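Participant: Spelled out from the first residue to the last, the chains are:
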Amino acid sequence: MRNTRNKKMHEDEHSVDDRDLALALRRLDDAAVVPGPDPAREAALMAAFDAARRQRPSAPGGRQYWYMAGLAAAAAILMVAGLGPALTGRHGAPPDAGQASHGPLSSLSRGVQPEPQPPSEFVMVPGAATLPEMESGSLVRMDVPVAMLPSLGLTPPAANRTTAVRADLIVGQDGLPRAVRLVN
Amino acid sequence: MQQSDEELIAAVAAGDREAFGALYGRRRPDVYRFALHMTGVPATAEDVAQDVFMTVIHEAARYTPGRSGVVPWLLGIARNHARRRLSVRQHERLPEGPAEPGVIADPADGIARGQEMDALRRALGSLPVAYREAVVLCDLQELTYQDAAAAAGCAVGTVRSRLHRGRRILAATMRGERRAFAGWPAPGWM
Chain A
1 MRNTRNKKMH EDEHSVDDRD LALALRRLDD AAVVPGPDPA REAALMAAFD AARRQRPSAP
61 GGRQYWYMAG LAAAAAILMV AGLGPALTGR HGAPPDAGQA SHGPLSSLSR GVQPEPQPPS
121 EFVMVPGAAT LPEMESGSLV RMDVPVAMLP SLGLTPPAAN RTTAVRADLI VGQDGLPRAV
181 RLVN
Chain B
1 MQQSDEELIA AVAAGDREAF GALYGRRRPD VYRFALHMTG VPATAEDVAQ DVFMTVIHEA
61 ARYTPGRSGV VPWLLGIARN HARRRLSVRQ HERLPEGPAE PGVIADPADG IARGQEMDAL
121 RRALGSLPVA YREAVVLCDL QELTYQDAAA AAGCAVGTVR SRLHRGRRIL AATMRGERRA
181 FAGWPAPGWM
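The listed protein sequences derive, respectively, from chains A and B. Following the working numbering, the numbering of the first sequence begins with 1 at its first residue and continues without gaps. Following the working numbering, the numbering of the second sequence begins with 1 at its first residue and continues without gaps.
Bear in mind the hints are in silico, worked out from the structure with no lab data behind them. Model, not experiment: these values are computed from the prediction. Yeah, the Cβ is synthetic: ideal placement off N, Cα and C, and Gly gets one too. Be aware that one or more of the hints could be misleading.
[To be verified] Derived, one-sided and incomplete: chain A residues facing chain B with beta-carbon distance under 8 Å:
| id | residue |
| --- | --- |
| 1 | Ala-24 |
| 2 | Leu-25 |
| 3 | Arg-27 |
| 4 | Leu-28 |
| 5 | Ala-31 |
| 6 | Ala-32 |
| 7 | Val-34 |
| 8 | Asp-38 |
| 9 | Arg-41 |
| 10 | Leu-45 |
| 11 | Ala-52 |
| 12 | Glu-133 |
[Unchecked claim] Taking CB as the label site, the calculated pair distances span:
| id | chain 1 | residue 1 | chain 2 | residue 2 | range |
| --- | --- | --- | --- | --- | --- |
| 13 | A | Arg-54 | B | Val-129 | 21 to 31 Å |
| 14 | B | Ser-4 | A | Ala-147 | 27 to 37 Å |
| 15 | A | Gly-70 | B | Pro-128 | 51 to 61 Å |
| 16 | A | Gly-70 | B | His-164 | 48 to 58 Å |
| 17 | B | Arg-84 | A | Met-134 | 20 to 30 Å |
| 18 | B | Cys-154 | A | Leu-23 | 49 to 59 Å |
| 19 | A | Asp-18 | B | Arg-84 | 30 to 40 Å |
| 20 | A | Ala-43 | B | His-164 | 41 to 51 Å |
| 21 | A | Pro-150 | B | Pro-29 | 41 to 51 Å |
| 22 | B | Glu-142 | A | Ser-136 | 32 to 42 Å |
| 23 | B | Pro-29 | A | Ala-48 | 35 to 45 Å |
| 24 | B | Pro-128 | A | Asp-50 | 33 to 43 Å |
| 25 | A | Asp-174 | B | Glu-7 | 18 to 28 Å |
| 26 | B | Ser-87 | A | Arg-54 | 28 to 38 Å |
This is chain A alone, in the form it adopts within the complex:
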């Protein structure tokens, strides 16, 4: 009986506490005075906004966007074409299977000459900074036409007379490339 009464008193006390506390906090918030904006601070913000707008790279134009989308589509097709036989199991192992260790990328580069040089560093694709933040993505190895390299931010190799070079692309969750590096 005493325990029940004590518990009830405790609950009553908490209930009063909550009510009083809520009231008190409301008063505290009401008493908070928000000063008007400081003109100097506001001017500094607007100046920072203008500066950021000037520095902001222009959004990828329609042509560039469609070019990147096309590149992404080509990468996707290449992935499907490369992985398809392996997934369906209709084809046997390639002739050089077992002769060299194959990483995840090597299955995409079947029938391509081995790389004699280490890959270069990844560079950001122009316009990638304006794309949505990359939350997930994939690494795609593909043959890129030399003519496309400048638009990817890469300099075409002078000594290479071929029409395409091997490159790794980091493709975001939206299918658009974010970074690229030459493999050889």
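Since chain A is already given, all that's left is putting chain B on it; use the hints.
Facilitator: Below, chain B without anything else, positioned relative to chain A:
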């Protein structure tokens, strides 16, 4: 017709200067009040508000409509800046009472009421930061649990438990204060 917060943010991300000015004018008070309750210092609250809108200039494109409202998003940014500033001055004493120029007590309520409001402000300032955030977001800013969770970057259940604990600590502290003020004529806390 007045643009919504979401429309303003989208316009800011697209480089619309007027939209930024409108968003600043509309939401600076919310950010300032949050920062004031978190830090207890008007000058720091001003700095935090400035930091928040400086961040908005560069990060407006990161706002995702539907994930949270604009106010919780702004308060989430404010929370980070306030925490950073709190960690810098963690060994400083919180300002006390009437000397605080940004928060005024109602003179009609008398000295005792003013004293108790100061006590509540001190109690709020002495709460662990995570609990203080929950109390400020839910009880002072009156955000929903969902919005408070979005601002605090945690689960709704976490907000509820932090709020509960924060209130309990505040209540216990104020009970002690009330006993200390027993000689004063003011009934209750306020």
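Participant: What hint numbers does the structure not satisfy?
Facilitator: The structure breaks hints 13, 14, 18, 23; every other hint is satisfied.
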